[in-house]
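Heads up: the protein sequence lines correspond to chains B and F, in order. When you line the first sequence up against my numbering, it's residues 1379 to 1828, in that order. When you line the second sequence up against my numbering, it's residues 1379 to 1828, in that order.
It is possible that some hints are incorrect.
[Said to hold, decoys possible] Quick list of in silico lysine to aspartate or glutamate cross-link-like pairs, EDC-like style, CA-CA up to 16 Å:
1) F:Lys1601 - B:Glu1444
2) B:Lys1601 - F:Glu1444
3) F:Lys1440 - F:Asp1412
4) F:Lys1601 - F:Asp1611
5) F:Lys1601 - B:Asp1591
In case anyone wonders, no lab produced these hints; they're calculated from the structure. For clarity, every value in this text was computed on a predicted model and none was experimentally measured.
Each chain, written out:
There are 2 protein chains.
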Amino acid sequence: MKSTPIDYDTVREMLRTATPDRILRFIGKSHPADIALLFKGLDPTEVRQFFDILFSARRAAKTLTELPPELLPDILALIDDEKIARVIVRADPDDAVTIIDSLTEERRESVLSLLDPERREEVRELISYPESTVGRIMNTEFMALAPTTTAQGAIDKIRERGELESFFYLYVVDHENKLVGVVPIRNLVIAPRDRTLSEMMIADPLKGDVFMDQEEAARIVAKYELLALPIVDEGGRLEGIITVDDVIDIINEESTEDMYKMAGLAEEDRVFTPISRSVKMRLPWTMLNLLTTGLAASVVTIFQGTITELVALVTFMPIVAGVGGNGATQTATVIIRGIALGELEFSSAWKAIVKQVSVNVCLAVAAGAVIALIAALWQGNPTLGFVLAVAMILNLGLVAGLSGAVIPLLLKAMKFDPALGSGIVVTGLTDAFGFLSFLGLATLFIHYLT
Amino acid sequence: MKSTPIDYDTVREMLRTATPDRILRFIGKSHPADIALLFKGLDPTEVRQFFDILFSARRAAKTLTELPPELLPDILALIDDEKIARVIVRADPDDAVTIIDSLTEERRESVLSLLDPERREEVRELISYPESTVGRIMNTEFMALAPTTTAQGAIDKIRERGELESFFYLYVVDHENKLVGVVPIRNLVIAPRDRTLSEMMIADPLKGDVFMDQEEAARIVAKYELLALPIVDEGGRLEGIITVDDVIDIINEESTEDMYKMAGLAEEDRVFTPISRSVKMRLPWTMLNLLTTGLAASVVTIFQGTITELVALVTFMPIVAGVGGNGATQTATVIIRGIALGELEFSSAWKAIVKQVSVNVCLAVAAGAVIALIAALWQGNPTLGFVLAVAMILNLGLVAGLSGAVIPLLLKAMKFDPALGSGIVVTGLTDAFGFLSFLGLATLFIHYLT
């Protein structure tokens, strides 16, 4: 494997002047992940041209599937159905699914119809699994052998089969294709030639089923430090494997999803997603945000009378709201990340909520004391200080602590993503309650304040 | 490997009533990751007791290093130096570093002094590497053989060596211990017995050096779908390996760090970190937030006169600020994640900034139109609607778009973490500028507003 990066400007230059052969020689044995990056800077004509060169060298499939997820649809849009179909025929089944998934609904059928019936069935079966289940992303190429195979027999089979993409374990299946064991390839290396797989296999290995959530499969692979997890159907028959490189992709994807959902972003909204598409995806969240801030603002309207009596209150309003919002975001982040990393389960949810509220109350007492002191000294008004401190404790302590901890857990309990819009919701709540507590208390104590 | 979870209540009950042997039998072959979870629910006496049982069965080291990072220091605090030293002697070098790192500064030396000189030197060397370099976390146990070794010779060596924790590649080194090639174990399986390693190795393989940032190493392993990355010193001598399971830990850690730094949280601040420690870690951020919201609030003070003339303005203030804050957080999230996943480099930073600002301006025009319409209809005041719309476009469009995109890139350029406090900073900015633009414009147009 060549590790030096490709000089992209040279390739672009060569696309104008050099023959395909020279370009392929220049790219050499570069990894598909590096070649894929080339597509980023090309214009449509160059994309087609470069794709054709890779296609002729049978390197298009691997390269396409290494593209950043937001670029693949744009590239595929420039390539005709027939070529895509031929790429899919040559691709590994899981890569084929990635490509099919990135086609528009209408093109999907016409590309599928160009495949030979067997391949079409295979792809259709994989894409029939619901999104984010392991069935949809599993690799269906693996080595499965009978328990009676000897070590030497297994080695011969491996030799026959040739290069396999991900190959760390041999799977042992019975006559019904049910998974009975796993043999790590390192054990095979040191086994006597005539030992059978059933003698050296790990019996009843960890496995997942085709409908398992991909996040769950990733957690098992990460927790037990596996290289691959066998995936079986409801009858226990071996259907595919999830490899550790899939797991890394899943983990990155899920982390992105958590960060994104908190802020109110769609997963496809990446750094270089076209502007119109980003706007379309963010617009509903912006409108939701307009609604939540609007609701918080409507609280202010109730207290216009109080504000008229003491306009200095307006200065302190955003402090109570803003510090509360940040405290709630902090708490929500800790809880969401705890759920994602498997550190927090429902059994200990109560303990976590109590802890987070306690932390926030302590912080609120400190912040309340500081702001009270400032108000008392600057405005010469100790009552204002008192009102601010109490509002801070109520908002940052109770509302921020409770909402930050409870909302993600509640979303999780309702089978939603725990991060879903939580940033927007908790800041909306702390804004509204910050105004309510501060202006409400100020209204009660207005005679001492003015 | 047993895949059924352990019944924790039973173990806790057994700690009171059963012999260590019975407890060990009950735990059986459970994975250390599952056993470690047991510690979560135990009180200090039980922790000591359970540790001693694992210790006597030589299973303490593996279990300790599987503990969630925030729990390990508390558990170690309950165990005496001598036992910790003996655990370290038996542990893999990288696990030894994890344990040493979780000890308090003072205890570290006294535990190190209990080790035999050779082991002490080994550990000292590893902990001498700066934090978050690969040198500190690399695994120093690997198989390195001479290029002239035959396939059969290599297999014999593997047999001699016995179980190795992570074993996917054979490393080929010259007489000076310099890395010259890598042989995937699967190639060894199918090679003729008399072929030499130099004939079947991948020459000049991808490698990292001991001072490489761990995040960089993780990116290489993930990008090229490797199972392990060899790590060499400045002379090219093989010093250790980073395995894919380390990489998963690094990726999870770095994602946590990004989410945490955005919200203003220390990495050790987990769901079940003791309250006092969480408070101590969050307090500086709360104070910073008090300062940023205070600065924003001080903008309001300038416009008290305007507010006195039209108190209805107060209702709309938090909307302009809040929607801007959320837009800035969205933008910052996209940029931070793009940097983390390697999708965004400095060369294309300019393009990314322009794109994000454009998206935000479009959103701002939409949000501005809606809020202007509401203000015009509800308050019967088209000028107020106009002021709101312009303030929204300035704040959500320009300030949120620019600060959300530029601040993380600027932090990155200054070699800080791009996420560092960005949530707090951008919301502070959009609060301040939201008030400034809205109240400033209102002041200009006050005669048309009242």
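Comparing the hints with the structure gives:
1. F:Lys1601 - B:Glu1444: It holds: about 9 Å lies between the C-alpha atoms, which stays within 16 Å.
2. B:Lys1601 - F:Glu1444: This hinted pair holds, its Cα atoms lying about 9 Å apart.
3. F:Lys1440 - F:Asp1412: Measuring from Cα to Cα gives roughly 11 Å; hence the hint holds.
4. F:Lys1601 - F:Asp1611: Violated. Lys1601 (chain F) to Asp1611 (chain F) sits at ~23 Å, over the 16 Å cutoff.
5. F:Lys1601 - B:Asp1591: Cα-Cα ~24 Å, so violated.
In summary, the structure is inconsistent with hints 4 and 5 from the numbered list given earlier, while agreeing with the others.
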